[in-house]
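Engineer: Residue-level listing of the chains:
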Amino acid sequence: MFDPMPWLILSPLIWATLAFVHGPGRGGRLAVACLILQLSLAAILAQQVIAGGVRMYAVGGWGAPLGIDLMADGLSTVMLLLTQTIVLPLAFYARAYFVGHANSLRYFWPLTGYLLAAMNALFLSSDVFNIYVTLELLGLAAVGLVALVGGAGPITAAMRYLLATLLGSSAYLLGVALLYGVYGSVSLVALKPLIAADAPATVSLAAALMLLGLMLKTALFPFHFWLPPAHGGAPAPVSALLSALVIKASFYLILRLWFDLFAPIVSITAAQLLGALGAGAILWGSFLALRQTHLKMLVAYSTVAQVGYLFLLFPLATGMSAEVAESAWQGGVLQVVAHGLAKAAMFAAAGAMITATGRDEISGIAGVATRIPLTLFAFALAGVTIMGLPPSGGFAAKWLLLGAALASEQWWWIVVMVVGGLLSAAYVFKVLRQAFLPVEETASFQLLPRMLEWPILLLALASLVLGLVGIEVLSLLGAA
Amino acid sequence: MSSALVYALTGAALFVLGMAGLILQPHLLRKILAFNIMGSGIFLMLVGVAQRAGTPDPVPQAMVLTGIVVAIAATALALALARQLLDMNGEMRLPEEKTGKDRLDV
Numbered sequence: 001m002f003d004p005m006p007w008l009i010l011s012p013l014i015w016a017t018l019a020f021v022h023g024p025g026r027g028g029r030l031a032v033a034c035l036i037l038q039l040s041l042a043a044i045l046a047q048q049v050i051a052g053g054v055r056m057y058a059v060g061g062w063g064a065p066l067g068i069d070l071m072a073d074g075l076s077t078v079m080l081l082l083t084q085t086i087v088l089p090l091a092f093y094a095r096a097y098f099v100g101h102a103n104s105l106r107y108f109w110p111l112t113g114y115l116l117a118a119m120n121a122l123f124l125s126s127d128v129f130n131i132y133v134t135l136e137l138l139g140l141a142a143v144g145l146v147a148l149v150g151g152a153g154p155i156t157a158a159m160r161y162l163l164a165t166l167l168g169s170s171a172y173l174l175g176v177a178l179l180y181g182v183y184g185s186v187s188l189v190a191l192k193p194l195i196a197a198d199a200p201a202t203v204s205l206a207a208a209l210m211l212l213g214l215m216l217k218t219a220l221f222p223f224h225f226w227l228p229p230a231h232g233g234a235p236a237p238v239s240a241l242l243s244a245l246v247i248k249a250s251f252y253l254i255l256r257l258w259f260d261l262f263a264p265i266v267s268i269t270a271a272q273l274l275g276a277l278g279a280g281a282i283l284w285g286s287f288l289a290l291r292q293t294h295l296k297m298l299v300a301y302s303t304v305a306q307v308g309y310l311f312l313l314f315p316l317a318t319g320m321s322a323e324v325a326e327s328a329w330q331g332g333v334l335q336v337v338a339h340g341l342a343k344a345a346m347f348a349a350a351g352a353m354i355t356a357t358g359r360d361e362i363s364g365i366a367g368v369a370t371r372i373p374l375t376l377f378a379f380a381l382a383g384v385t386i387m388g389l390p391p392s393g394g395f396a397a398k399w400l401l402l403g404a405a406l407a408s409e410q411w412w413w414i415v416v417m418v419v420g421g422l423l424s425a426a427y428v429f430k431v432l433r434q435a436f437l438p439v440e441e442t443a444s445f446q447l448l449p450r451m452l453e454w455p456i457l458l459l460a461l462a463s464l465v466l467g468l469v470g471i472e473v474l475s476l477l478g479a480a
Numbered sequence: 001m002s003s004a005l006v007y008a009l010t011g012a013a014l015f016v017l018g019m020a021g022l023i024l025q026p027h028l029l030r031k032i033l034a035f036n037i038m039g040s041g042i043f044l045m046l047v048g049v050a051q052r053a054g055t056p057d058p059v060p061q062a063m064v065l066t067g068i069v070v071a072i073a074a075t076a077l078a079l080a081l082a083r084q085l086l087d088m089n090g091e092m093r094l095p096e097e098k099t100g101k102d103r104l105d106v
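First to last, the protein sequences are chains A and B. Quick note, the first sequence lines up with residues 1 to 480 if you use the working numbering. Quick note, the second sequence lines up with residues 1 to 106 if you use the working numbering.
No lab work stands behind these hints, which were simulated from the structure alone. Hints are supplied without guarantee of correctness; some may be wrong.
To be verified - Stretch-level coverage of chain B by chain A, calculated; a stretch enters the list once three of its residues show a Cβ under 8 angstroms from a Cβ in chain A:
1) 32-41
2) 64-70
3) 80-94
As the list claims (entries may be wrong) - Computed from the model, here is a short list of chain B residues facing chain A with C-beta under 7 angstroms:
4) Val6
5) Tyr7
6) Leu14
7) Leu22
8) Val49
9) Ala74
10) Leu77
Being a predicted model, the structure only gives us computed values, none of them experimental. Backbone N, C-alpha and C define an ideal beta-carbon position, used for all residues, glycine too.
Looking at chain A on its own, in the form it has when it is part of the complex (with noise of 0.2 angstroms):
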């Protein structure tokens, strides 16, 4: 049967290098080619894991323990579809964005096709070690992307990713050695039993490294300082990539660690911890996003609140009953797909606007609403989800958190998601309300390509049609 495993690395592997070597600012074509092939590729494996359960592929032929094994369960499924889904549109937002930013086109091809082989890559491993190397490729490749434009505030941010990207990747290498000290094995497969068989302390001192150093990568309250200047100052396509998936493969990882290969010694004080940073990265992250003055600051911003909700799966899913953890799992998995593609939409929106416009503060797109009323309406929509209004995927997965929360009778994370969502209304409003203000004759406006405006529009119409469809997403991750 034909397997579309390695594929799924090789394909972005070949085309970044093929753009690399074209020389800079070639390669769009062929790269969107290749994600039309790879959604497909992601769309076959999605099938034989339904039919099958979970698959393996042993990379060269050589099997674990010598050689590398890839894996592809429900949940490693849904973000490849996720990845594969959000990319594409993005490529053709790319190409029409960079024909009037050129100089920030350079290296953008490659490196995208870098970072998303990482990023199939690390969905794919079965084993921690590799992980650490995706890990680090993705963090590699992110850092890029973010100081692809130059210039002291890009660069800057950038080298505040990178020492903080890096500082993550050591705590969870250092987690890795313990592990294998203890135990002999990287696999996850093989580490399962090991691990719930017998956990001496050094095991929970691994746990915390890897999980400490996930967090700091996914940008959760406190660590979130890095996260505003990267995603906010890099131009608007590297931007959506950034907030919408990569800040996701660490969060993907702290979920197989968490539920997964840590299960037998995770507690619930430490679950609680994780909901309270999730509920300070909700309160502090929208109040931030409501204080900001330019357009994309306040999208990023939004992306530290967003991630929070993230973290309120843990509280719920720890220690309860097998029914209320099922539904904030669950939850938990669909904010992940809903908050992905709308805060592309969003980062999206927010470019096109700029480009428009010429202006970066929020102040400056007085009148976008009659000129590029698309652009708009893709962005009012991917705000629906953000506040988690029906009928979105953000409804749908914040309505999962609440049922767990109301089952398992923890009512301060109900307060937590109902301020976060008004919260969340008030910033998205404010980009709105000043959308519709009318504008004097004379400010100058420039006419968008058809290209940029309607992948933003597709994207922002996924995360709403999610909330309709989510149940087909729920049983491709129930497959496994």
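With the hints as your guide, set chain B onto chain A.
Structural biologist: Frame of chain A; chain B shown alone:
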């Protein structure tokens, strides 16, 4: 004290030293060196801890080789960025944020 424990403790000490340097030192070159010390601590631990009954285990040695390659790539990227900052700002340190950690009014 077994030799594995000596390696592990030295590795842990190097890691903590490097982490403190990475966070506390303002000079970028020192930060980058501190990151490398941190890496060396982890590698020492990987090779040292994983001795089975006195015979070295080849798997962590392969991991350390991979780790060194990754660390070199990261160091090269950090140096390139630090040099660009030096050209633009005239000094090798990160500029202070305007109002503390989170910029309230940009």
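Engineer: Does the segment 64-70 of chain B contain three or more residues whose Cβ lies closer than 8 angstroms to a Cβ of chain A?
Structural biologist: Result for this restraint: holds, n = 3.
Engineer: Under 7 angstroms, Cβ to Cβ, is where Leu22/B needs to be relative to chain A, so tell me if that hint holds or is violated.
Structural biologist: holds, 6 angstroms
Engineer: Taking 7 angstroms as the limit, does the beta-carbon of Val6/B come near enough to a beta-carbon in chain A?
Structural biologist: violated, 14 angstroms
Engineer: Three residues minimum, CB to CB under 8 angstroms: does the segment 32-41 of chain B make the cut for coverage by chain A? Let me know.
Structural biologist: holds (count 4)
Engineer: Count the residues of the segment 80-94 of chain B whose CB lies closer than 8 angstroms to any CB of chain A, then report whether that count reaches three.
Structural biologist: Check passed, 7 qualifying residues.
Engineer: Regarding the hint that Tyr7/B lies at the interface with chain A, is the smallest CB-CB distance below 7 angstroms?
Structural biologist: Interface hint status for Tyr7/B: violated (10 angstroms vs cutoff 7 angstroms).
Engineer: Double-check Ala74/B for me: the hint is only fine if its C-beta lies closer than 7 angstroms to a C-beta in chain A.
Structural biologist: Cβ of Ala74/B sits 6 angstroms from chain A, so the hint holds.
Engineer: Leu14/B was flagged as interface toward chain A. Is the shortest Cβ-Cβ separation under 7 angstroms?
Structural biologist: This hint is violated: Leu14/B lies away from chain A, its Cβ roughly 11 angstroms from the closest one there, beyond 7 angstroms.
Engineer: Measuring from the C-beta of Val49/B to each C-beta in chain A, is the shortest one below 7 angstroms?
Structural biologist: Status holds, d = 3 angstroms.
Engineer: For the hint on Leu77/B, just tell me whether its beta-carbon gets within less than 7 angstroms of chain A.
Structural biologist: With Cβ-Cβ at 6 angstroms, under 7 angstroms, it holds.
Taken one by one, the earlier hints fail for this structure at numbers 4, 5, 6, listed in ascending order.
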